[in-house]
Amino acid sequence: MTEYIRPKWADWADKIRSLDDPVLAHEKPEALDDLVVLDMSSRSMAGCYCSSMLAELGAETIRIEPPGGDLVRTYSPNGMMHQGTGLAYLAEGRNKYHVTLDLATEEGRDIFKSLIAQADVLIETYPKGQMDEWGIGYDELSKINPRLIFTSISAFGRFGPESDRRQYDYDNVSQARSGIQYATGEVLPEGKTVEEMPWAVPTKAGPWITWAVSGTFAAVGILGALHYRELTGEGQAIDVATPEAYERLNDYVLHWYADQGHVCERFGNLDTCLWLYGFFPTKDGGVFLGGLRLEMWKAFVDILGKYDEWGAAEWTTLAPFMKKDWQLKYQTMINPLTLQYTSEELTQKAIEYAKSGRLAPITPVVAEIVPPGKTMQDAIWVERGIFTPVQDPVYGDVVVAQSQWKATETPPRTKWVCRPVGYDNGYVYLKYLGYGPVKLGELNGKGVI
Amino acid sequence: MTEVFKDYVKNKFKKPAPLKGLRVLEVCTLLFGPAGPSFLAEMGAEVIKIELPPLGDVTRSLNPFGWFYKEQSPMFMHINPNKYYMALDLHGDPGQQIFKELCAKADIVEFNLRPGVTKRWNIGYEEIKEVNPGIIYIEKNGFGQWGRYAEESRPSNDGAAQALAGYAWMSSFPNRPPLKQSIWICDYYGGLMGEVAVLAALHHRKKTGKGQYIEMSQSENIMRTMGWIWPYQQLTGKSAEPSGNRDQCICPADTFLCKDNQFAAIAAPAPDEFKGLCKAMGKPELAEDPRFREHTTRLKDENALAILKIIADWARTNTADEIETLGIKHGFAASRLHNAKDMNENPHRRDRDFVKEIDDPMYGKYVEHEFPVMMSKTPPKIKWTVRPVGFDNEYVLQKILGKSMAEIDELHKKGVVGKWKDMQGRRPPADWDGACGAIIRR
Chain A
1 MTEYIRPKWA
11 DWADKIRSLD
21 DPVLAHEKPE
31 ALDDLVVLDM
41 SSRSMAGCYC
51 SSMLAELGAE
61 TIRIEPPGGD
71 LVRTYSPNGM
81 MHQGTGLAYL
91 AEGRNKYHVT
101 LDLATEEGRD
111 IFKSLIAQAD
121 VLIETYPKGQ
131 MDEWGIGYDE
141 LSKINPRLIF
151 TSISAFGRFG
161 PESDRRQYDY
171 DNVSQARSGI
181 QYATGEVLPE
191 GKTVEEMPWA
201 VPTKAGPWIT
211 WAVSGTFAAV
221 GILGALHYRE
231 LTGEGQAIDV
241 ATPEAYERLN
251 DYVLHWYADQ
261 GHVCERFGNL
271 DTCLWLYGFF
281 PTKDGGVFLG
291 GLRLEMWKAF
301 VDILGKYDEW
311 GAAEWTTLAP
321 FMKKDWQLKY
331 QTMINPLTLQ
341 YTSEELTQKA
351 IEYAKSGRLA
361 PITPVVAEIV
371 PPGKTMQDAI
381 WVERGIFTPV
391 QDPVYGDVVV
401 AQSQWKATET
411 PPRTKWVCRP
421 VGYDNGYVYL
431 KYLGYGPVKL
441 GELNGKGVI
Chain B
450 MTEVFKDYVK
460 NKFKKPAPLK
470 GLRVLEVCTL
480 LFGPAGPSFL
490 AEMGAEVIKI
500 ELPPLGDVTR
510 SLNPFGWFYK
520 EQSPMFMHIN
530 PNKYYMALDL
540 HGDPGQQIFK
550 ELCAKADIVE
560 FNLRPGVTKR
570 WNIGYEEIKE
580 VNPGIIYIEK
590 NGFGQWGRYA
600 EESRPSNDGA
610 AQALAGYAWM
620 SSFPNRPPLK
630 QSIWICDYYG
640 GLMGEVAVLA
650 ALHHRKKTGK
660 GQYIEMSQSE
670 NIMRTMGWIW
680 PYQQLTGKSA
690 EPSGNRDQCI
700 CPADTFLCKD
710 NQFAAIAAPA
720 PDEFKGLCKA
730 MGKPELAEDP
740 RFREHTTRLK
750 DENALAILKI
760 IADWARTNTA
770 DEIETLGIKH
780 GFAASRLHNA
790 KDMNENPHRR
800 DRDFVKEIDD
810 PMYGKYVEHE
820 FPVMMSKTPP
830 KIKWTVRPVG
840 FDNEYVLQKI
850 LGKSMAEIDE
860 LHKKGVVGKW
870 KDMQGRRPPA
880 DWDGACGAII
890 RR
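So the sequence lines, in the order shown, correspond to chains A and B. 423 is the number that our numbering gives to position 423 of the first sequence; each next residue is one higher, with no gaps. 675 is the number that our numbering gives to position 226 of the second sequence; each next residue is one higher, with no gaps.
These aren't lab readings, by the way, just hints derived from the structure by calculation. Some hints could be false.
Residues of chain B clear of chain A, computed beta-carbon distances all greater than 10 Å [as the list claims (entries may be wrong)]:
id	residue
1	D538
2	L651
3	D703
4	M730
5	K870
6	R891
Cross-link-like lysine-lysine pairs, in silico, DSBU-like; alpha carbons within 35 Å at most [claimed, not checked]:
id	chain 1	residue 1	chain 2	residue 2
7	B	K568	B	K578
8	B	K826	B	K469
9	B	K549	A	K355
10	A	K324	B	K708
11	B	K826	B	K464
12	A	K15	B	K578
13	A	K431	B	K655
14	B	K554	A	K28
15	B	K832	B	K549
Backbone N, C-alpha and C fix where the C-beta goes; we use that ideal spot for every residue, glycine too.
Whole structure, please, built from the sequences with the hints as guidance.
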């Protein structure tokens with residue numbers, strides 16, 4: 001290992017770090033600390049993810065669950081529980097106050113309306129019609145609080161022919177409906193069946209990406225609505241359909257069919273649009289290789305030692321390489337070559353090439369495809385604050401991803417990970433309704449909380 | 450709730466956009482950079498896309514298997530609607546000065562350059578803050594502005610972020626090579642999350658007058674979406690492993706091969722949903738089976754695999770559409786897998802105006818996705834698509850900086866601002882009439 005020499009512009013890096021290192025986050029103000037958010041998500045983590053975004057920015061976020069808790073608390077790999085809470089909710093209960101409330105009771109709805117009168121944002125994920133049936137739909141709540149930003153995140157949205165389907169929103173079903181899963185996955189070789197190769201099928205993303213995307217779009221919508229409210233004093237209703245939110249991130253596929261009648265199909269670990277761009281095998285696993293400019297692709301060929309043999313000096317455009325047949329041809333030429341190296345060797349070769357290669361400083365992108373266990377140990381992410389454990393008063397030290405962006409003034413931060421069911425009933429109902437222990441005891445007895 | 454969205458589509462243009470009055474500058478290329486400002490433009494902000502003349506954004510060259518739309522990259526069109534197009538040479542002092550003049554009159558500025566480049570171009574945060582202390586300044590790139598990878602100036606792409614975050618690893622079948630997503634998820638999602646940061650910063654500025662500097666990494670943003678994986682690894686000391694289409698935290702939740710060789714996704718974890726599914730399968734007794742009755746027990750790997758096998762066998766005897774219909778009837782979530790044809794033809798998407806036709810002055814009518822947040826008082830809307838490199842130079846320079854046409858001509862002559870190169874994706878489409886879409890026509 002050669003000695004690491006910092007670049008000439010290291011003073012810039014140090015300067016920025018001194019301003020936005022996440023270790024300083026708790027000394028800084030919070031962007032949304034003037035807001036009260038009510039999160040009554042049910043079964044869907046999209047709402048919880050949305051409210052996390054706001055809570056990480058300082059909004060006082062009150063999570064309302066039915067007595068006994070929401071189903072999302074049971075979501076966990078192999079059913080594993082940490083002090084009674086599933087691992088998924090351990091990550092997404094963060095920074096929220098947790099209360100229980102039975103909205104099926106008149107008294108519960110009355111309490112809810114008191115909270116609404118004092119809130120800025122409501123987030124809910126019920127199928128359409130449920131809120132109206134309880135008498136707490138937008139029409140009713142906007143009368144109580146015209147400034148309310150009433151946010152619904154659901155499987156089919158709040159209008160349109162399919163919106164009357166009373167089904168809850170689940171990530172895997174939304175992935176299927178978005179059109180993205182269809183075109184992602186290994187290609188089934190001709191003559192083979194799915195029974196023989198059950199992995200060569202349309203494949204969804206592992207993480208709950210549709211929930212994260214719809215929750216984040218909703219957060220952007222809420223912040224936009226807040227901007228408008230500051231100008232006019234008016235709240236409004238927001239409608240996000242989870243499959244649509246994710247589908248918006250699908251690029252040219254819609255247009256391609258509209259114009260050419262072309263249905264985009266799976267293309268394995270290559271990319272329909274890009275060259276050099278894909279996953280390739282190595283001695284100990286695999287790497288991502290990227291070279292979207294001709295020079296970067298040439299640099300990669302040079303690293304492989306094929307610059308002269310393949311005639312790279314003569315290439316003047318990337319265009320033919322993007323075609324399907326050339327992609328497949330070059331894939332079969334590259335695979336045996338990358339297999340001669342470990343992922344780390346190839347990564348280092350690219351870094352070295354940037355210093356001393358024929359086309360330096362141009363170099364291809366090389367990145368090892370790692371299991372998330374390795375991601376969590378990578379010193380770079382640890383140093384940048386992603387995996388700093390949260391010191392939770394109830395659940396102990398817990399690692400959840402945080403500090404997802406850095407900022408000089410109002411960075412996001414995670415203060416606690418979760419709370420047991422109804423943990424904050426005492427605090428929240430006292431603060432917002434003036435209910436002391438006697439009244440709470442009564443409500444508890446009646447099953448309202 | 451139904452009432453508030455009645456005639457939403459019909460009345461879209463009778464209402465203002467949410468981000469009216471905001472001005473955004475972007476110096477971005479490819480996807481991670483331009484995606485975020487696009488979302489702001491769709492929400493009504495005035496977004497000026499600044500490219501380097503005469504080639505501009507690299508995305509203008511990209512295409513699926515050689516298909517261009519009227520010579521333009523369909524990717525570039527999808528990711529850059531509603532913007533104004535300016536081409537400014539930021540390598541030299543005159544261009545940098547103009548950029549600063551624009552920054553003085555902007556609210557937000559976005560970059561996706563390698564670390565240290567903005568400083569080299571004399572338009573780093575420190576310099577811009579001098580001319581506009583309230584500016585919200587965001588830089589997006591592979592590894593942020595500090596730390597070993599940033600200092601090595603490692604290049605990055607969406608695929609690299611998928612690889613390094615463990616996202617690809619978790620999106621594969623067990624014992625198969627890790628699988629790349631067909632979409633550029635870290636780019637698009639990172640761009641979107643960047644706007645949460647930016648809009649929250651805007652809210653803070655309204656309260657305090659203070660702007661700020663934000664940095665977003667292509668890999669770090671996607672790690673945030675990976676929820677349970679991190680506490681699982683911490684608490685068990687093991688690396689999380691993938692499970693194909695099976696959701697490891699929700700059961701049943703998987704994709705199934707159907708009688709018609711199509712696929713259907715099903716989810717039914719709640720008691721009412723699980724009972725509904727068992728009933729639909731003609732096996733109501735399964736809902737009371739001690740292995741399956743409680744969700745947390747059902748999630749145990751051996752039980753999960755057992756119930757999924759039962760569902761898979763049943764699914765193979767029904768068409769995907771039949772399963773979707775049974776889902777509606779029995780109250781569990783189910784959908785046939787949609788593809789590009791469904792995206793275009795499904796009436797629900799059209800009725801919601803989520804899939805809609807744009808009537809563009811330069812590119813004509815084409816089909817596009819609307820911004821996926823429907824807002825009752827302030828509907829976001831896509832109105833127009835991309836323009837040639839430097840197409841709106843005159844408009845931007847005159848409207849915002851008050852430059853005369855003579856001054857603008859001089860800037861063009863000196864190469865401070867520029868126009869498109871005569872090549873695919875940079876110049877106007879061949880059938881363009883020379884005027885349509887131009888705001889200032891000389």
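Structure versus earlier hints - violations, ascending order: Hint check: 2 and 3 fail, others pass.
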